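What follows is each chain in one-letter form.
Protein chains: 2
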Amino acid sequence: MTRRIVVIGGDATGMSAANTALRHTAADGGEAPEVIVLERGHYTSYSACGIPYWIAGDVTGRDDLVARTPEQHREAGIDVRMRTEATAVDLDRQVVTFRALDGDGSEGELEYDDLVFATGAAPVYPPLDGIDADGIHGVQSLEQGEQIVKDLDASQARRTVVVGAGYIGVEMAEAMLTRGLEVTVLDRAPEPFTQIDPDLGTIVRTAMEDMGITVLTGTSVEGFDVREDGRVAAVRVRGERSDGESGADGAVAADIVVMGLGVAPNVSLAQEAGLTVGPSGGLVTDVRMRCLGHENVWAGGDCVEVHHRLSGKGVAIALGTHANKHGRIIGTNLAAGYGTFPGVIGTAISKVCSLEIGRTGLGEREATAAGYGYVTATIESSNVAGYMPGAEMMTVKVIAEERSGRLLGAQIVGRANSAKRIDVFATAIWNGMTLEEMTFMDLSYAPPFSPTWDAVLVAARKGAKAVQDDIPRSPV
Amino acid sequence: MTRRIVVIGGDATGMSAANTALRHTAADGGEAPEVIVLERGHYTSYSACGIPYWIAGDVTGRDDLVARTPEQHREAGIDVRMRTEATAVDLDRQVVTFRALDGDGSEGELEYDDLVFATGAAPVYPPLDGIDADGIHGVQSLEQGEQIVKDLDASQARRTVVVGAGYIGVEMAEAMLTRGLEVTVLDRAPEPFTQIDPDLGTIVRTAMEDMGITVLTGTSVEGFDVREDGRVAAVRVRGERSDGESGADGAVAADIVVMGLGVAPNVSLAQEAGLTVGPSGGLVTDVRMRCLGHENVWAGGDCVEVHHRLSGKGVAIALGTHANKHGRIIGTNLAAGYGTFPGVIGTAISKVCSLEIGRTGLGEREATAAGYGYVTATIESSNVAGYMPGAEMMTVKVIAEERSGRLLGAQIVGRANSAKRIDVFATAIWNGMTLEEMTFMDLSYAPPFSPTWDAVLVAARKGAKAVQDDIPRSPV
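These protein sequences, in sequence, are chains F and X. Quick note on this note's numbering: the first sequence kicks off at 42 and runs consecutively. Quick note on this note's numbering: the second sequence kicks off at 42 and runs consecutively.
Chain F on its own, in the form it takes in the complex (with noise of 0.2 Å):
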């Protein structure tokens, strides 16, 4: 009988897993197997990512963020069940069990000889006062930003505000903001990002400031005040900053409202199967992205936590490249090859408008959690030679570890060509480097591209010198 792998969810996970397993297996010369993917929602392989972009009017329709559609992988084929939901999996039995979502919801079941986990994940929703009133939105499906590119035209909405700082607040931020929003930014955390350092963060909330965006910090959401016919009228905020920048009744005045508050990964099937969830909250599994204890069942994407070279731990990152990567190992393993996925150390990129941020390894608050002993550099330096036209300067902060100098961390926050560095120092993190190695690298110079020492090597400098000069806090 033919060998049945079945996915449950059709976006970058699952769909690369199909693909690269009928592929590789075309490509051994081996027997197809058979591959159902089950997708409940409408769209397969589409960029979660590009939603911002799609909403700022800088993408021009949603079918741009679709990479391949049902039909075009139908056509490579795979079987895609459309708006199909997996709602059981009986792992003794090797059985699925799923149920229509549109027509007479009709159930069935599936057998399988290999099953993908790639469920992704979903906007964090805190059970608060009114949270499900008409014009509060998430940011994690192509149907969600598709309700928020209707709900800006339908209600003509000025005001919006955004709940969370981080990568999906500031871009939503940005795109509001594009579109002619009055645009208000709210986070629990004193400094906006902290996927940064508070230290850099404060130079964010001042660029955001600059650009006309209001960020209220330190700022927890309390619940939603909601007009008559359903409809969001103000985030009821608590804490230092609220009182006196959003009126004495500790409100703040919105058409519409963005969760931006990150995602959390869905494993609630996979947990009702008996499969393995980690403290981080994503299905653990193990190098060849294999759920524990089950040779036949793979896991990958947003739904799994992943191995932190740095700190040990298991962390779940939502992103797409995590998602593609895993994806393609699974499928590679599904037809018999060998593929790993050798973990993360954090590298993450965004912007809001102008101003760009990466990030890679460890902040402060995770070296400190990590059990590590350490030293921070910051410098600022030019993105290209000063006497260029469009010299801007950059924010390079760099963490290494305190005796060795091994870097651990780093983080930009600069204007055009500045954030994309941070994959420099993901490369040398990723080969165990110090920054005393770093220091005299042969990096690339040229007046239109950095200046005579690039960021990086400034940064490394100025962070072995901190090494050297640096008394480590425990006895040796």
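These aren't lab readings, by the way, just hints derived from the structure by calculation. Among the hints, erroneous ones may be present.
Where chains are identical, the list cannot tell them apart; a pair therefore holds if satisfied intra-copy or between any two copies.
Restricting the straight-line Cα-Cα distance to at most 20 Å, the calculated cross-link-like pairs of lysine to aspartate or glutamate (DMTMM-like) are [as the list claims (entries may be wrong)]: (1) 506 <-> 442; (2) 503 <-> 69; (3) 191 <-> 154; (4) 191 <-> 433; (5) 354 <-> 187; (6) 191 <-> 223; (7) 506 <-> 443.
Quantities reported herein were computed from a predicted structural model and do not represent experimental measurements.
Dock chain X against chain F, hints included.
Only chain X this time, still in chain F's reference frame:
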């Protein structure tokens, strides 16, 4: 008696060595040495790499290219003697003979405790018929840059020929095009920009032609036609392509000519003094930048050869970033510190108008010369997510050692925000990474910065596959 350091050459290496020596000595609480710098030109610490952008008008004026004036250096305690040429060095007596280039041309002698050769490089000027004609320029010193600017203004030149299609050639082609001249670039090689392989060079050619630059390759310069008033009239050329493209007389009309054949180390003074010059034409130093056999004689910058970490050979690479590094290392050592230069891997970056070019490591010809069997792979990738505005394709080529898959080189040709990715490859080469190890590195992803698979990862994956599929050249 106060220790005396004499530095010959007041640009990047010389002034950086002088400054670092003084600063480090002061930081350590030592007695400040006397530091004398002899500079035969009119400027200190200037950016020769910036000259094309000054000529193009991107940089306002000459002074913008001077990082520090003689006066500023003097305020820092350095005895800078401008328009003073070192004419001889007696290494046994530890004496430098110098001559004033202005005024009475008086001569003198200076004893030294430590001597630094920072004599730089000079443009290659082959002894061609007519090469001394007016209107033929090199682009290495600020004085030369100034001559070009003045000549362009005074001569009302319409047509320029740039001899050589390397870094300086393409950058000057851009500068002249920006100033509205008709530009022809000549090169003996089959494709422009031989610092990258011809298969990528052809992309550069097409792009340059699309910009309106006439590119004559496979074309040698035979000499120059000179007008009665002593000014260049045409460049006489020979070659396969020149007949058809430049008229029957084999001459390309030119009102102004830029010699962009690269530079050669200025070593005559050091060589006459008895110091060792390597096969590359540069002075040979040890890892601390000390000239061989002389504990107190140092050299760095464009006048030395440096260790290439992949070929193991000495190479002379004239580049401001290396010159600055050498100066700092020499200064550290002069201040009784310990500094070493770890060598180079040939990283470089350039652009012609909107086309960016990056390279690191070995090209195919260099890999063969260094004795490597190798495998290559070339990919096309978008610079940002394909659906984002401004998405443009780049070409990335990787060269890896056969059987091991160790990365030996990488080359990038593309539009905005592509070439700086070469630093990721440079860091990978620096660490001896294989392409396989690079395949799942945690590089940054967000739609405005890269596709979900960054170009670096796509190239690494295709290269790793090529290594797997390769049949090594030699019997195992």
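Can you tell me if residue 506 and residue 443 fall within 20 Å by alpha carbon in one copy, between copies, both or neither? within (11 Å within a copy, 39 Å between copies)
Classify it for me, residue 506 with residue 442: is the Cα-Cα distance of at most 20 Å met within a copy, between copies, both or neither? Answer is within: at 13 Å inside a copy they meet the 20 Å cutoff, but 36 Å across does not.
Is it within, between, both or neither when you check residue 191 against residue 154 at 20 Å Cα-Cα? Neither way: residue 191 and residue 154 sit 42 Å apart in one copy and 78 Å across, limit 20 Å.
Between copies, within a copy, both or neither: which fits residue 354 and residue 187 at Cα up to 20 Å? For residue 354 and residue 187, the Cα distance exceeds 20 Å both inside one copy (36 Å) and across copies (59 Å).
When no copy is named, should residue 503 and residue 69 be tagged within, between, both, or neither for a Cα gap of at most 20 Å? between (52 Å within a copy, 17 Å between copies)
Within, between, both or neither: how does the pair residue 191, residue 223 come out at a Cα-Cα threshold of 20 Å? Answer is within; shortest intra-copy Cα gap is 18 Å, inter-copy 52 Å.
For residue 191 vs residue 433, is the C-alpha pair at or below 20 Å within one copy, between two copies, both, or neither? Neither: 38 Å inside a chain and 30 Å across chains, both beyond 20 Å.
Hint compliance for this structure: hints 3, 4 and 5 are not met, and every other hint is.
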